[in-house]
Amino acid sequence: MIDVEANFASVQWRGRDVAIEYAWLGSSDVARPLVVFLHEGLGSVAMWKGFPQTLCEAANLRGLVYSRPGYGGSTPRGADERWDVDYLHRQAHEVLPAFLESVGVDASTVPWLLGHSDGGSIALLYAAAFPERVAGLVLLAPHVFVEPISVTSIEAVRIAYLETDLRRRLAKYHADVDSAFWGWNGIWLDPRFRRWNIESEIANIRCPVLAVQGCEDEHGTLDQVHAIRRRIPGTRVVVLENCRHSPQRDQPERLLEAIVAFIASASSQEGPRDRAA
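Take 572 as the starting number for the sequence shown in this note's numbering and just add one per residue.
Please keep in mind that the hints were generated in silico from the structure rather than gathered at the bench. Hints are not guaranteed to be accurate.
To be verified - Label pairs and their calculated CB-CB ranges: (1) 653 / 631: 39 to 45 angstroms; (2) 736 / 672: 35 to 41 angstroms; (3) 599 / 738: 36 to 42 angstroms; (4) 620 / 736: 16 to 22 angstroms.
Remember, it's a predicted structure, so these values are computed and weren't measured experimentally. All C-beta atoms, glycine included, are put in the ideal place defined by N, C-alpha and C.
Make a model of the complete structure from these sequences and hints.
Next up, the structure:
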């Protein structure tokens, strides 16, 4: 797990005070690029384990990792709170801007966003809404539309949560594991969510984009990253073999190499978006 002391930021969201768990990582030099890590649908600060710290050390970056409301040590969902079809938009347009402001990331700092799965979708939506606030995107197994494979796999996760030790294992990473699980699982299996699609919304993104997908991803196909490249010309796509939904766990060395090279190229203005994908 991330071996740093967690802090808590207070933001106003949905009419109440929400505490957001977060941690700073990597370089203390404020002149270094900042990468904000956006976790997956069942993730948290702790769930990232050592990957953010390793990346920050390898690339000499500053890092900021946080748990979204409902996850990790952050304020759980309310007892009667059910996430709606726009829950990823709310995270991108409401929670993330409020959180960054609360921890002092102002207009003088334009961060990279590194998002995994749901976090990748949030990164895309944030960059589309606030293009001047993003230096670039690193997307690990992102979603831009709902595929049958995603619904099938998430249905299987629901059964595992009810019938195996999955709930106990996830509880290590969340103060209220039911808040985290049922918020995510409930909306992904809502029939209305099958129509969720953000392809048209991301078409105006012009910052450098690296999109990474595992060949054996159980939650999505290569159609996701190919759709991103169609909508955002110049997107660099990396496909990893022997890799499921979490490249940072299944292929950490190859992933680190790809990210470090991509950020270094963009930061030195060598034009990564002009390279063949």
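Violating hint indices (sorted, rising): none
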